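Trainee: Quick mapping for you: the protein sequence lines, in order, are chains A, B, C and D. The opening position of the first sequence corresponds to residue 1 in the numbering used here, with each subsequent residue numbered one higher. The opening position of the second sequence corresponds to residue 1001 in the numbering used here, with each subsequent residue numbered one higher. The opening position of the third sequence corresponds to residue 2001 in the numbering used here, with each subsequent residue numbered one higher. The opening position of the fourth sequence corresponds to residue 3001 in the numbering used here, with each subsequent residue numbered one higher.
Quick caveat, the hints were computed from the structure, so don't treat them as lab data. Being a predicted model, the structure only gives us computed values, none of them experimental. Among these hints, one or two may not hold up.
Stated by the list, open to error - Counterexamples of contact, computed for chain A against chain D with all Cβ distances above 10 Å:
| id | residue |
| --- | --- |
| 1 | A66 |
| 2 | G114 |
| 3 | Q121 |
| 4 | H281 |
Stated by the list, open to error - Not the full set, but computed from the structure, chain C residues with beta-carbon under 8 Å of chain B:
| id | residue |
| --- | --- |
| 5 | G2190 |
| 6 | C2194 |
| 7 | I2238 |
| 8 | L2249 |
Cβ coordinates follow ideal geometry from the N, Cα and C atoms, glycine included.
Protein chains: 4
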Amino acid sequence: MKKVAIVGGTGYTGVELLRLLARHPQIEVCAITSRSEAGKAVSDIYPSLRGEYDLAFTEPTIQTLAQADLVFFATPNGVAMKQTPELLASGTKIIDLAADFRIQNIETWSHWYGMEHGCSQLVAQAVYGLPEVNREAIKSANLVANPGCYPTAVQLGLLPLIEQGLIDTDYIVADCKSGVSGAGRGASVGSLMCEAADSFKAYSVAGHRHLPEIKEQLALAHGAPVGVTFVPHLVPMIRGIHATVYARLNEPSTSLESIQKIFEIRYQNYPFVDVMPLGSHPETRSVRGSNICRIALHRPQGENTLVILSAIDNLVKGAAGQAVHNMNLMLGLPEATGLKLVPLSP
Amino acid sequence: MKKVAIVGGTGYTGVELLRLLARHPQIEVCAITSRSEAGKAVSDIYPSLRGEYDLAFTEPTIQTLAQADLVFFATPNGVAMKQTPELLASGTKIIDLAADFRIQNIETWSHWYGMEHGCSQLVAQAVYGLPEVNREAIKSANLVANPGCYPTAVQLGLLPLIEQGLIDTDYIVADCKSGVSGAGRGASVGSLMCEAADSFKAYSVAGHRHLPEIKEQLALAHGAPVGVTFVPHLVPMIRGIHATVYARLNEPSTSLESIQKIFEIRYQNYPFVDVMPLGSHPETRSVRGSNICRIALHRPQGENTLVILSAIDNLVKGAAGQAVHNMNLMLGLPEATGLKLVPLSP
Amino acid sequence: MKKVAIVGGTGYTGVELLRLLARHPQIEVCAITSRSEAGKAVSDIYPSLRGEYDLAFTEPTIQTLAQADLVFFATPNGVAMKQTPELLASGTKIIDLAADFRIQNIETWSHWYGMEHGCSQLVAQAVYGLPEVNREAIKSANLVANPGCYPTAVQLGLLPLIEQGLIDTDYIVADCKSGVSGAGRGASVGSLMCEAADSFKAYSVAGHRHLPEIKEQLALAHGAPVGVTFVPHLVPMIRGIHATVYARLNEPSTSLESIQKIFEIRYQNYPFVDVMPLGSHPETRSVRGSNICRIALHRPQGENTLVILSAIDNLVKGAAGQAVHNMNLMLGLPEATGLKLVPLSP
Amino acid sequence: MKKVAIVGGTGYTGVELLRLLARHPQIEVCAITSRSEAGKAVSDIYPSLRGEYDLAFTEPTIQTLAQADLVFFATPNGVAMKQTPELLASGTKIIDLAADFRIQNIETWSHWYGMEHGCSQLVAQAVYGLPEVNREAIKSANLVANPGCYPTAVQLGLLPLIEQGLIDTDYIVADCKSGVSGAGRGASVGSLMCEAADSFKAYSVAGHRHLPEIKEQLALAHGAPVGVTFVPHLVPMIRGIHATVYARLNEPSTSLESIQKIFEIRYQNYPFVDVMPLGSHPETRSVRGSNICRIALHRPQGENTLVILSAIDNLVKGAAGQAVHNMNLMLGLPEATGLKLVPLSP
């Protein structure tokens, strides 16, 4: 049994980690911290977990956290970087579910996140935790930056195309839609039921923090900068992200069937990517509660624009599930341990 | 490994059985039938199950079904009774998730279900599959009538009170609320998103088929008829039933704390009933996707009316989960096998 | 043209007042106040009102408010009572949409609202603004307490029965369900989309502030105290209240048809109460956006318990619409002016 | 008073016409037809209209319809064309809310709608009923093809750009999202609450019938064919369409401010198009129940891709409201009569 701790356990990614780890056969959650809820039982805050944990929330001290083999930071941006050096020095591995270590370019990070980076010396050694790209590096990493939810859905839809040089990388459109849980459990007017239900809107069209993450990672795959227009939207649902990605084919003669084949081969050894048959339309509910990313390819009217549909559960493959996947890799466990979740549908 | 078959697998209880059985360590689903979808792969109808089953839907012939150790009927009322005699004769056990064997009084059944009973000779040997009442009988049963969703929630909230003679059984009010999945997957205007979402209503106030089931079972517990006013309502959500039950205390001096104790003792050996602390308000989402019934007790203003809150997932504890529980008992497996499901919340 | 002002215009009742008054032919909104949003244009906070108002939010000074013929307080409890004496003295009429003047018994009020009453000397002259009871008194009132949303739905369902002495007033059950807008526009975790959507629960079962209001008003109608068990529930929808009221008939021989007749006669001169045909099930969406209360009567199985279904839009008949109705009466306008709203369905 | 009739009044566009016409000061609905519901009162099918109409549904005979000054066809595709010649001959004007007369190219129409056109001789005289393009032609038309919902939102977002030659018309992306009411009131599994709620998906990516309509109309504006990739998505909400349109600027030097100005001038005399301030994000709820199209312009990161956001209520500006607008024009009434609707929000 390995021990893990969760810092910032009162948000949606925190409770989702608890849900997943409750059935993980080789993990014991030894601590869960929350300054605001310290002293309260987990099951009082989350009745869905009654009977699953005896834990109470505690203060996030280094002593507490250093007892764990691995610590998850399910905290706001800027928190993990403060405790990372000391924890790593104590031999504890770290997965940050926030953005502190997602972007290698420190200047870019500071620009988008509006603060100085408090731990820039460790950014270079952080591994970007997308197992479909960095599985081997993650296995030997001590510090993993868990990807953003939108970047996960978008990259999985684009990587085979970029790696094979099939599309015009100057003009990619990623029209993305997220459930409201992506905004977190903080009490804000915009996330109220009466503000978000039965309505639809775009937001942050001028620029969203996941854009530089997408661009940096795709540039790595491409070996050169890529041009992406990324527009997020808010869907009146709880969980789920759907990315609709538009890309121009470099060669009109490339058949859709051959691209389908490329996707199937690219992901055949990755248990959490499902390349659906041609003509499919993945629904977010078909991945609800699971760690799966379902992808489908289209080429409307046989014209030159490829449409890639990519659906994940933002709290699982887009956050806590991918973090557990990374944890399995970092701790030497079979990668799918505890993650064979059947989606809840309807 | 035991083999089971599912008749009528295209409805919501059918797919929920498939979801649960996909992770059951000792069960193999050997057949799933549907006249309308015969020949199609399960994963084509239910993309959420892609990668879980190789099965295709088949015709529900006796030959196919008799290969199973146990057959689930997830069919409309009136279907199971037609194949039951032949299947039982072949040594296959049966769980009917519909209403064919829920009511012992044949006349009452015919009145409420509007048809002659096609298999009345077997009704007496059918066991009513509420494990919290009939666990031992279920273990030795060949034919189990899986309870209705409303009756499950209402009975679990009332049984300790009736068994202990604490309430006025002449005047019980069961105000119940169900998610739309209770209406099934049939294409009907009333279940359309645009008809049911963002609205609330009562229905079938004049009389709902679950009323005679509730009354017969409570009368068995009481040893005499009981008076129940049962009003179902439609909630704009997918899963969940919440029963708010009102009962008058026989003795005003009975303390709420003593009643709480009675509930805790009554259910202490039943793994799927959670008696919450006094003052709790169970939410349906706290049991979403799980087989748990959460109950909380209130006595507003210290007056003579007891309010019992009871929440289940109608597709799990109210249907497929309870059926798997019954299956475990009937097949000699530990009763919670495959049912340790952590609720999906949010 | 009469002038009105709205204090506390950033909540849901405030914007609903603006929606209704935008098309009122004889009303000009001369001021809308909000300390937090002072200086911002109404249309910036509420894009749905773009093009309807040139107003900006201002500070709620007496000078500003005293220019109006009538002031609406769409504020938290305890605010209206502070400005009421001075405004009344200046000749301005007042409608308080909060609870400051809803309960005549000051002690009861202080107990339930947890504060001293700052204006107890004016409570006795406040008229309870349920036009179906107090139409004439409202016409000559200077200070009207706009009823709570639950009390409106419950009283309209019970008044004819109590006035005619038809039911056992010792044991009434009011099982009520509200959309999330009833919780207001304040940023609280419990009202988040991810907390309230796709779930259902009871709340405040131990005691809700609308209980003493219901009991005081029904006692007035009855001429003696009444016993009511009131349980509110949260429905995953935006607008709407549905009350399911259970009452025992005093005389089993009273026919449902005769009760139907009594309801029809009782409300025949009240334009906003719709007594539906026997057997109906009012849906909240059938009153969405309108000032109508729809009522239907049932007597399940012909037994002794009457079930009354009552549906309103909590923001209209349960708040802003009833306030405009009261305003019309107080200002000598035809009572339905500006309130002939066709419900939005689907 | 002018008389109108509605053919096919049981669908969502039919009831929406009834909602709007109930308050139209110069229109009397003299007949509403439905083969399936003939004989039933409108208020029995639509309780939201109780007290508004005395009408019952009747058979759609020519005699009945010819009494009207104008007939709305709120019918499935292929119905209006059968009665159009006879009705026009009798002097009755016609607005078809379905697709029979939306596309001038008969071959294209037959290809996409999968049937022979039964009235091709009248297509050329039909006016495409987008008042922001064809206001004058509509005034003198006898036969108007009411635009599709998606085409309305997309065209209004693109027309000023195409008319001014500002964008690359070879590669436009229209990523569109619709509420479920767009699928109509027919009983289909895909529109069930349990299938569509709390989920998101694309559909008909290979080709949707609104694509040829969009392309034909944009080609008319451009004077040459345009290239559009159109992907519709299903949003778990009742009403609303949101189009997110991506277009490449021909001249990078064109400032966003100048484009904003072009939009403002283009629509300044059209009462139902609201060009929002730069940086806005129109929500569909901000137009719920109203005839308004809200548009906002963005140019993310100052790069070469323009993002146009366009939101309408699919049942109003996307169907019944636009039809009433066309009716006003055809009958010589002020164009906004009966359409000054304040959106319902929240």
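Trainee: None of the hints should be skipped; say for each whether it holds.
Mentor: Checked hints:
1. The beta carbon of A66(A) sits about 40 Å from the closest Cβ of chain D, which is more than 10 Å, so the claim that it is off the interface holds.
2. Every CB of chain D is more than 10 Å from the CB of G114(A) (nearest about 17 Å), matching its label as outside the interface.
3. The Cβ of Q121(A) sits about 29 Å from the closest Cβ of chain D, beyond the 10 Å cut-off, so the non-interface label holds.
4. Against chain D, the non-interface label of H281(A) is violated: not every CB pair exceeds 10 Å, the least being about 5 Å.
5. For G2190(C), the shortest C-beta to C-beta distance to chain B is roughly 10 Å, which exceeds 8 Å, and the interface hint is violated.
6. Checking C2194(C) against chain B: minimum C-beta separation of about 4 Å stays under 8 Å; hint holds.
7. The beta carbon of I2238(C) is positioned within 8 Å of a beta carbon in chain B (closest approach about 6 Å), and the interface hint is therefore held.
8. Annotation: L2249(C) was flagged as interfacial toward chain B, and the flag is violated, the nearest CB pair being 12 Å apart, outside 8 Å.
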